[in-house]
Every structure is written in structure tokens, then in C-alpha cells.
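Visitor: Make the full structure from the sequences, and use the hints.
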Amino acid sequence: MIQVENLSKKYARHVAVDNISFSVEKGDIVGFLGPNGAGKTTTMRVLTCFMPPTAGKATVAGFDVFEQSFEVKKRIGYLPETPPLYPEMSVQDYLTFIARLKNVPGDEIKSRTNQVMERCSVADVKSRLISKLSRGYRQRVGLAQAIIHNPDVLILDEPTSGLDPKQITETRDLIKGLSGEHTIILSTHILPEVEAVCRKVIIINRGHLVATDSVEHLKHRGIGNAVQVQVDTAGNGDASTVRQKLEQVPGVSKVVEKVVAEDRLIFEVESLPDRNPRPDVARAIVHAGWNLLELKSTTLSLEEVYLQLTGEAIEPAAVPVNGSIQ
Amino acid sequence: MRNIWTICRRELYSYFVSPVAWVLLTIFAFLSGLFTYIISASFAQASIESQMRGQSFPMNVNEQVIAPLFSNIAVVGLFLIPLISMRLFAEEKRQGTIELLITSPVHDLEIVIGKWLSAVLMYGSLLVVLLIDYSFLFIYGNPDWKPVATGFLGILLQGACLLALGTFISTLTKNQIVAGAVGFAAALVLWILNWTTSFGNSITVRVLNYLSIVSHMDSFSRGVIDSKDLIYYLSMIFLGLFLTARSLESLRWRA
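In order, the protein sequences belong to chains A and B. Using our numbering, the letters of the first sequence correspond one by one to residues 9 to 334. Using our numbering, the letters of the second sequence correspond one by one to residues 818 to 1072.
Some clues are possibly wrong.
Facing chain A, according to a computed beta carbon distance under 7 Å, are these residues of chain B, among others [claimed, not checked]:
| # | residue |
| --- | --- |
| 1 | Ile821 |
| 2 | Thr823 |
| 3 | Arg827 |
| 4 | Ser835 |
| 5 | Ala838 |
| 6 | Thr914 |
| 7 | Glu916 |
| 8 | Thr920 |
| 9 | Ser921 |
| 10 | Pro922 |
| 11 | Arg1069 |
Hints were generated in silico from the structure; no laboratory data involved. The beta-carbon is built from N, C-alpha and C at its ideal position, and this holds for glycine as well.
Guide: So, in C-alpha cells, the structure goes:
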């Protein structure tokens, strides 16, 4: 559905996107992951025909984003980082305008508008002015705007940024509900978001492609292998004995003391890639006669993912950039 | 065509939902009413005096009230027009909605014409107020209607030109105040270009005089549609819209 080949985008002073290639199949839901300034927004702007690429080629549904931008625009729904809203309009008037702008046939405008308002849960504020809406509602109106003409491809730039946790969950559920009918690319700098919503992930950093992979596969590459353990020794041994014990567990690479108090001993246990040390850790603790209070995997921050991904492999340029995501 | 109307309609919505339209209508109603009153009152006084002196000096409403009124209103237009055009693109750029327009299946030219058309209609709604002022002259007097009709056409065309230039200026910045100030300066320069007539009658002076925007109103307010004035207005509109379209296109290369 989306093909990107050797795409570069240079601004006057810096290179925002440098020679990236990837492809997205129809019906996929793909997370576009990277820290701020990685080139996510730039890539999305090229795909939505907002700006032309400096070099390389991108096609959406078989149409070139530069040569046949009009055809591409018809097939794309785009939610920029700040939802493109007119504050002086009411929600219903705004969506009616968008429907007309996106060439929804005249007799369907009313029904489509009502449909997307229901779907994005903004029907209860349909006659309110957009300027009076909360951040969460605005984001959902933005999403309604992107799907009103039932586009083949949805491009969502940080759809959950600035929302509160409840709204984040709602927005993610909404996006998940949209997959299947639409091919979706969403950008984020939050790793759990990708895990929660996407099936595939494209990681870029400083304009370079770092990895394109499925979420499952990415996890097996070592992400999420850190475990947090809380132990109660019941007076039988102190922090250093526990630590020694844990270090002896097969597959464990590193043990870090996090909290050492009289009644609470919390350690972070990192393991070698492709190993799941949790059963062994639990067994070792119980075997020593201690109480295992808690055992949970901790999520690695994006920086740690980068360290793992780049440290484990290869210079960015040597990554198999042409492979489509399986 | 449908897209132009879609864009134009939304712009009109914004003018009339926000205070912009109402403030402009109020200012214009006040100023045009004041001008109509002052000019027609002094005309009435002059006609009474000429009767008392027993002179049958021909008094003409068209020449002594309507024509000067049009040229005064044309100047008021110079001040109000930048206020109409300044928000057209500057506001979209500041709000980020320009990204929506550019990524929607509409052509740049449709966006440009739609926006400009909405500004012209907004300006036209001001002229409706002027029509009310003029209707009093028709109720209490018997002026020739043709110079009034051509005068309206002229003043609308002059507005359309300045709005086209203002639309272009609005694409250059995301700050409405800057767009308004530059638009006002441009309108002022176009206005005072004909002051150069006092420097003689050389080619340069004649060219500058032709470029000046107000000098083209004169024949319209006298009931004459001169092709040289019509061509001036239409080519200025074309120039303004052309520059706007190019500027909008360059936005994506610069963005």
C-alpha cells in the first residue's frame, strides 16, 4: 500500500530524513517510532504530499506522492501533530466542511458526519465550538476529520500526545478499531504505545532507519527482558546474599539493586537476549527460603531499546533497509 | 468549482461568526453614513444659497454628491481592505490548518480563488450598507442611476484588486498584524502614486499615474466604463492571485 524508496528530505541547514526505505502492506497498522526530531513528521509530511521529497520516491496505493499527488490526497486521511481545527466553528459544521473538502458525495455528507461523530465519541459535543473543547475532544475531532472520507490510508502524527491516561486508552482503542479497513501509520515516541496498538514497527533515529520489524520479533530481540524482583528474606540473609544468588541464575547478565530497605529488597535483573530467566529467578528465591513478593517485567525506555538495537548490531546504514516488514 | 465554493463558504462563516465582519460593518456604516450626510448637507446648503441669490446655477446630485462620495468611500476602502485580507492565509499558517488544506484533494488555485472570493463577498457586504445610504438620495432626489451602478462596479473592482494583493501578502507571514500592516502600506503606496502628477507629464509620471489605484475610480463614478480602467483592475486581480498561487506552492518547498 505504501512504498518508500531511498527517501531523503533536506532542509536548508540539516538533513531531516536520510535515505530511508520501507513498505507497508494493505491493512497493516504500523508504528513509526523515534525520539523527537528523528524525522517522523517529515516522513509523514512527504507521504501526505504536504512537501515533496528532496530525493527518492514514495508511492501510496500505487500513486507517486509528487507526480500524482492529487490521487494520493484522495486516498489519505491525515492527522497532523496539532489537529487542524478551526476554533470558531462548531464540531458539526467543521466536519461538514471537511466532508465537502474531501469530496464526499453531497447526499452522504450528513450520514458520514454523524457516523464519524459517533465513532470518535464526539456526538455529544457536536454543536459546541471547537475553541471550547478540551484537548481530548479536539484530538478526537481531529481523528474524525481524518477518517470522514473513508480513506485507504490513515497517517496519524502522535495521536495520543498531550492526552490524559484515560483518553490515551480510548484513543488507542479507537485506532485499533479502525485497523482492518484502513492501512494505518502512526508515529509516537512512546514504546508501550507501539506494543499496545501496532503489529509492526519502523524505528528511525536522526533521519536514519534503525529497524523495521514486527512488534513480536522486536521483543524477542531482547526488549522487555529486564525483570524487577521484590524479595522478603524474612531475616534470613541480606541484600548482598540475595544479589549473589540472583547473579548465579543461568541467563542473568546483570543485577542492579534498586531499593534496599529493611522490609523491602527490590532488584532489577537483566538477562541475556533471547532468554527468559523469570522461572529460574523465582525458583532460586523460593529455594533459598525467601518470600517472593513481586516479579514483573519492566519496560525498557526507548533509549535502552536504541542502545540494544544499535549496540547489538550494526551501523544504521548496514541495516537491511529494503526489506518489507514481515 | 465546487471546491472553490466549499472554501469560500467556510471563510465567510469565519468572517461572520467572529467579530471581524461585524466590527468592519459597524465602522463602514458609521463612516459612509457620515460622508453621505456631510456631502449631501453641504449640497443642500449650496442649492438653497444659489436659489436665494436667484441664480439658476445647475445643481447636479450625481456630480456634486454621488461622485465625491464614491471617491471618499474608495479611500475608506483602502484602510479597511487590509483588515479583511490579512487573516486569509496568515491565520491558517498560525493554526496549522494550512496543512489540512494542502493535503486535501483540492488544487492550489481553488484554495486561492475561494479565499479571495470570500474576501470580495465580505467587502461586497460593506457596499450593501453604502447602498442603503444611496437609497436616501433616490428617495429625496432624482439622480441618474447609471453613474451609481458603474460607481459600485468600480469600487467593487478596486476592492477586489486590493484584496488580491492582500491575499498574496497574507501568504508571506503567519502573523496577521504583519500581513495587515504590509497590506496597508501597499494600498497606501498604490494610492499616492498619482500624486506624482504634480511633477509634470513625463512618461514615468504617466506610468505611475496609471498604476495608481484611485485614479481609475474617477471615470467609473462619472458613469463611464473605460476599458483602460477595466484592464487595470482585471490585470491587478490576476497578478495578485497569480502571486498568491505561486507563494502557496513555494510554501511546500520552504516548509
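Visitor: Please go over all the hints and tell whether each is borne out by the structure.
Guide: For each hint, the structure was consulted:
1. Here the hint on B/Ile821 is broken, as its CB sits about 11 Å from the closest CB of chain A, past 7 Å.
2. A cut of 7 Å between beta carbons decides the hint on B/Thr823: the least distance to chain A is about 4 Å, and the hint holds.
3. With a least beta-carbon distance of about 5 Å to chain A, the hint placing B/Arg827 at the interface is held under the 7 Å criterion.
4. Interface restraint check for B/Ser835: the shortest CB-CB distance to chain A comes to about 5 Å, inside 7 Å, so the restraint holds.
5. Interface hint status for B/Ala838: violated, as the beta-carbon distance to the closest one in chain A is roughly 11 Å, over 7 Å.
6. The beta carbon of B/Thr914 comes within 4 Å of a beta carbon in chain A, closer than 7 Å, and the hint placing it at the interface holds.
7. Against a cut-off of 7 Å between C-beta atoms, the interface hint on B/Glu916 holds, since the closest Cβ of chain A lies about 5 Å away.
8. With a cut of 7 Å, the hint placing B/Thr920 at the interface with chain A holds, because the nearest CB-to-CB distance is about 4 Å.
9. The criterion of a C-beta within 7 Å of any C-beta in chain A is met by B/Ser921, whose closest approach is roughly 5 Å, and the hint holds.
10. Checking B/Pro922 against chain A: minimum C-beta separation of about 4 Å stays under 7 Å; hint holds.
11. Contact between B/Arg1069 and chain A, as hinted, is supported at the beta carbon level, the nearest pair being about 5 Å apart and thus within 7 Å.
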